[in-house]
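**Student:** As a plain string of letters, each chain reads:
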Amino acid sequence: MYDFTYHRPETLADAEKMFADADDGQYIAGGQTMVPVMKQRLAMPSDIIDLERISDLKGISRDGNVLSIGAMTTHAEVAGSGDVAKAIPALARLADDIGDPAVRNRGTLGGSIANNDPAADYPAALVGLGATIHTTSREIPADDFFTGLFETALEEGEVIVKVSIPVPDKAGYVKFPQPASRFALVGVFVAQIGDSVRVAATGAGPCVFRVEAMEKALEKDFSASALKGISVPGEGLNNDIHASADYRASLISTLARRAVAAAE
Amino acid sequence: MEKYGIGQPVRRKEDARFITGAGTYIDDVAAENMAHAFVLRSPFAHAKILNIDTSEAENMPGVLGIITGQDWAAEGFATMPTKAAISKKIDGSPLNQPPRHCFAIDRARYIGEPVAVVIAETREQAQDAAELVEVDYEDLPAVIDARKALAEDTPRIWDNIEGNVCLDFELGDKDATEKAFANADHVVSLELVNNRVTAAPIEPRGAVAEYDATTDSYKLQNATQNVHANRTTFADVLKIDAESLHHLAPDVGGGFGAKNSSYPEPPILLYAAKKFGRPMKWVNDRNEGFQSDTHGRAQFSKVELALDKDGKFLGLRTRTVGDLGAYCWTNGPFTPTGGSARTQGGPYNIPAMYYSAVAAFTNTMPTDPYRGAGRPEASYQIERIVQHAADTLGFDPVELRRKNLMPTASLPRKTPMGLDVDSGDFPEVFDRTMKMTDREGYAERVANSKKNGMRRGFSIAPYLECSGGMPKEFAGISFTKDGTVTLRVGSHSTGMGHETSKPQILAHTLGVDFDRIDFIQADTKATPIGGGHGGSRSLEVGGAAVLKAANEMLDKAKVLAAHLLNSNADDMDFADGVFTDIKTEQTIAIDDVIAASFEQGRLPEGMEPGCLDTESIFEREIISCPNGAHAAEVEVDPETGAVRVEHYWVIDDFGPIVNPMLADGQVMGGVAQGLGQALMEEIVYDDDGQLVTGSFMDYALPRADSIPKMELGYYEDAPTAKNPLGVKGAGEAGCCASPPAIVNAVLDALKEDGVAHIDMPLTPEKVWRAISEAKK
Ligand SMILES: Cc1cc2nc3c(=O)[nH]c(=O)nc-3n(C[C@H](O)[C@H](O)[C@H](O)COP(=O)(O)OP(=O)(O)OC[C@H]3O[C@@H](n4cnc5c(N)ncnc54)[C@H](O)[C@@H]3O)c2cc1C
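Here the protein sequences come in this chain order: E and C.
Under our numbering, residue 264 is the last one in the first sequence; the count climbs by one each step, no gaps.
Under our numbering, residue 1776 is the last one in the second sequence; the count climbs by one each step, no gaps.
In case anyone wonders, no lab produced these hints; they're calculated from the structure.
A hint or two may mislead.
Stated by the list, open to error - Label pairs and their in silico Cβ distance ranges:
id	chain 1	residue 1	chain 2	residue 2	range
1	E	228	C	1644	52 to 58 Å
2	C	1028	E	21	26 to 32 Å
3	C	1695	E	228	24 to 30 Å
4	C	1525	E	39	36 to 42 Å
5	C	1688	E	102	31 to 37 Å
6	E	139	C	1124	40 to 46 Å
7	C	1059	E	39	24 to 30 Å
8	C	1178	E	231	40 to 46 Å
9	C	1134	E	2	18 to 24 Å
10	C	1697	E	139	16 to 22 Å
As the list claims (entries may be wrong) - Take a look, some chain C residues computed to stay more than 10 Å from chain E by CB distance:
id	residue
11	1124
12	1128
13	1161
14	1274
15	1511
16	1641
17	1644
18	1698
19	1700
20	1725
21	1758
22	1765
23	1769
24	1772
25	1775
To be verified - Listed next, the in silico BS3-like pairs over lysine-lysine satisfying Cα-Cα at most 27 Å (straight line):
id	chain 1	residue 1	chain 2	residue 2
26	E	228	C	1450
27	C	1776	E	228
28	C	1709	C	1435
29	E	170	C	1776
Yeah, the Cβ is synthetic: ideal placement off N, Cα and C, and Gly gets one too.
Chain E extracted, bound-state conformation (with noise of 0.2 Å):
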């Protein structure tokens, strides 16, 4: 690891403005992404600027349909939130399902979306169910937020300060996980709210992406069977040592269906 100053900030405006003052400042949640990156040395931050104090980044409170979670919740919160597990049990079994406890532990919602891993868990969830990122300056629809390879919407120095959540009527989410890492190596997320469906696949492509023809189909009826033919094309999906894009593109389809007939 290179050296580094460390900052924590109270509030979100210092937090904001010790960013701004830094030559290449880092913010840092849980450090579950942003500690072995520096360990690895594949990141040299001159400042790092933790965002563990800051009372307006925290909790998990529900009004009315919508499910608010701030941005430094972590992944166990998440996992344990009796308001979770009422309104959309199948969040709470992904963020349970994201590593280990360790990392569950620490790693938080905000550093997983901001980070956007090609195969995390969190981004499915978000396209999935329609969410809304609310930032320092700004509101932004998770199908606008992540917009590519470790990449989003975030301008330099912005903060997620927190999601909201539309409650489902009904949710369901499958991961198969990559052998080694545990990631996702394909994570598909079905939701259903009112007479609109959205399927969100992760794992599959450089950054999560929605399966319209299921969506369409799954509107008309919202059952395993409905998914009956409807296959995603391999191209432009990733290709690796564990999964190549055909497989990739087969599993979108397999969980595809599993995650309708999980859903709850």
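Assemble chain C with the ligand onto chain E, guided by the hints.
**Tutor:** The following block gives chain C with the ligand in isolation, referenced to the frame of chain E:
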């Protein structure tokens, strides 16, 4: 005493230390005024080193100096020797052994090969400076696939080694085997891969070296599993007297063979300790471990089996290409040759066998013995071809195996590969395992799986392997007035529980208090010789040495006891720690005899205080043949290709079990490692030689949730006469049996899909693809 006797599941003494974080591993070792070394490794699989510019790096804060390959060469140090038991080609000429220096000097031949070593006040400073060492490389084409390495137009890795061949090898009767095949009703053949894997011990490699100028001597604390052999090697490389090098290992966190090998870093560290006049520490991180720990397996084989019309095995022929990596490492050439040849055919009665191999160089991390070192390969080969024969010729796989096992009455015998099989009851062991597997409930389990869209499969895998490692071992017992017993051994536990099992043998034999036995291992000053750890030898050879020393001590104690009781040594009986005069029925406890041994006035003539201290060397003449039968039941998800091992059953014949809990640990660990090889582990280099599986993000190790519940049992009725404990090495059996048991069970599940073979590891994608392709 019974509580700690042979056969008792005594809890591991060392665990309190290990589990509470009180162990002393290499990274816990520090010396005063210690400096740190960082190894700059080649990022290329094959490249010329045109120039190394260290000027900028040398001026970095904390840097004491930088050692390059050129500096090393200028010192005139010797190369690392290969000590493989097989060292000649078929024509009798010596194997092609390229020079293995501790550094890549003008050419780097694998990713991770040391190019320079930076010495600084801290590891961070050394690493910072290493980034500024400018190495001018000229990239050369890399040879990655061992089969392609042998092709005529493939570039040479070593200019003077034609065809990238280290050696060829054969064993068995070629003509008889050919005849058997010519006369056979059926011949089946398969091409098989034994995937390249890494041991991934929980503790990476590392060492701390010190030099004492006043005595011109060295001390090396090293995360190794073999202090004695490596001391000789390191001393030879540095051209110093081995006696001047005190080599010892602190607690070692796993080795699995990979820590047996002689690595370049410790000699470099010893040299640096002297050159800079400071103790030196180096510890690999995990990524360096993936690159620079010796790998295992990496064999490509064609296996053929000849059968008569009733399914009787007539002949076995195996042809292997072994991948040695860029060098002959410490024992590398042995694994694909002698190591894989000896146990060909497993426990089956096969009258004619022939094994041939060629070992090739590639631009990859060299391979060296890894848990089993050839026997798991052989076990996989025979069990896969037997399953394949059953599947393609229409025999029941269980019955085909059962009827071809060596009959019990045919033992002792020598196999056509020269393996001396003295004891065992293979049909009985096979039947006992089958009995555990709940055949009655199987049809229902298959039906349930089907109902859920799954497939279920089963296979049994009988195996016969052999022990190995250095045949000689030392044990020393010494006593103090206050009743402490110290046991020093030349064998080495890197987590297997010797601190418990070896004192158990001593406590059982002498009747002394188990808790008062101190245990010392892995220290060249504590024992004159030592074979370390490897080849499942530690109980068989090391345990036998403890028993021998204990019995020799008892002989002396008997004389003293007789003297103390005023009786005759010939009249002394010994049991449960008490000497009894069979005539007078007077008794004296061994503790009292030991106490008396320190009082000159109570000793007979010719005995001195401390006379009960005993040192012994046991030498095994013939290796033992551990055997058994494992069985696996698996469930396969045909839509995703995911495999789950649902049940696993084991009967092993390791002779009498000294500590069933430790034996269970060996079996379970071995099975888990074999499951890893079967289903997920694989070191992958891309075509340019880049290591794709350079971290646990891409190298899949099994986790607790991948491992099924195992039901274990032991067959203890056929002790071997090859050692006084009657034991047969238990350490590697698990990974001999589990890959074929699991792979064959998966293929059994996929029979209805028409899948005939999938190479290990049976990853979800490979399984899915095999099903999809069989459909076409
Ligand atoms: C062993 C292991 C296993 C894992 N397994 C999984 C898995 O199965 N599935 C999965 O999805 N993930 C997995 N992860 C990743 C894990 O979920 C991380 O927690 C997550 O990627 C990052 O969250 P963090 O809070 O640790 O962020 P950090 O590492 O602290 O930060 C990550 C990035 O986000 C930025 N950032 C953090 N918070 C904010 C904010 N509020 N606003 C703006 N930017 C911010 C940081 O600047 C940084 O660039 C795993 C990680 C590890 C180490």
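**Student:** It remains to establish, for every hint, whether it holds in the given structure.
**Tutor:** Outcome of the hint check:
{"no.": "1", "hint": "E:228 <-> C:1644: 52 to 58 Å", "result": "26 Å, violated"}
{"no.": "2", "hint": "C:1028 <-> E:21: 26 to 32 Å", "result": "41 Å, violated"}
{"no.": "3", "hint": "C:1695 <-> E:228: 24 to 30 Å", "result": "39 Å, violated"}
{"no.": "4", "hint": "C:1525 <-> E:39: 36 to 42 Å", "result": "37 Å, holds"}
{"no.": "5", "hint": "C:1688 <-> E:102: 31 to 37 Å", "result": "35 Å, holds"}
{"no.": "6", "hint": "E:139 <-> C:1124: 40 to 46 Å", "result": "43 Å, holds"}
{"no.": "7", "hint": "C:1059 <-> E:39: 24 to 30 Å", "result": "26 Å, holds"}
{"no.": "8", "hint": "C:1178 <-> E:231: 40 to 46 Å", "result": "51 Å, violated"}
{"no.": "9", "hint": "C:1134 <-> E:2: 18 to 24 Å", "result": "19 Å, holds"}
{"no.": "10", "hint": "C:1697 <-> E:139: 16 to 22 Å", "result": "34 Å, violated"}
{"no.": "11", "hint": "1124", "result": "7 Å, violated"}
{"no.": "12", "hint": "1128", "result": "8 Å, violated"}
{"no.": "13", "hint": "1161", "result": "30 Å, holds"}
{"no.": "14", "hint": "1274", "result": "30 Å, holds"}
{"no.": "15", "hint": "1511", "result": "47 Å, holds"}
{"no.": "16", "hint": "1641", "result": "8 Å, violated"}
{"no.": "17", "hint": "1644", "result": "13 Å, holds"}
{"no.": "18", "hint": "1698", "result": "5 Å, violated"}
{"no.": "19", "hint": "1700", "result": "4 Å, violated"}
{"no.": "20", "hint": "1725", "result": "40 Å, holds"}
{"no.": "21", "hint": "1758", "result": "14 Å, holds"}
{"no.": "22", "hint": "1765", "result": "5 Å, violated"}
{"no.": "23", "hint": "1769", "result": "7 Å, violated"}
{"no.": "24", "hint": "1772", "result": "8 Å, violated"}
{"no.": "25", "hint": "1775", "result": "12 Å, holds"}
{"no.": "26", "hint": "E:228 <-> C:1450", "result": "20 Å, holds"}
{"no.": "27", "hint": "C:1776 <-> E:228", "result": "20 Å, holds"}
{"no.": "28", "hint": "C:1709 <-> C:1435", "result": "17 Å, holds"}
{"no.": "29", "hint": "E:170 <-> C:1776", "result": "37 Å, violated"}
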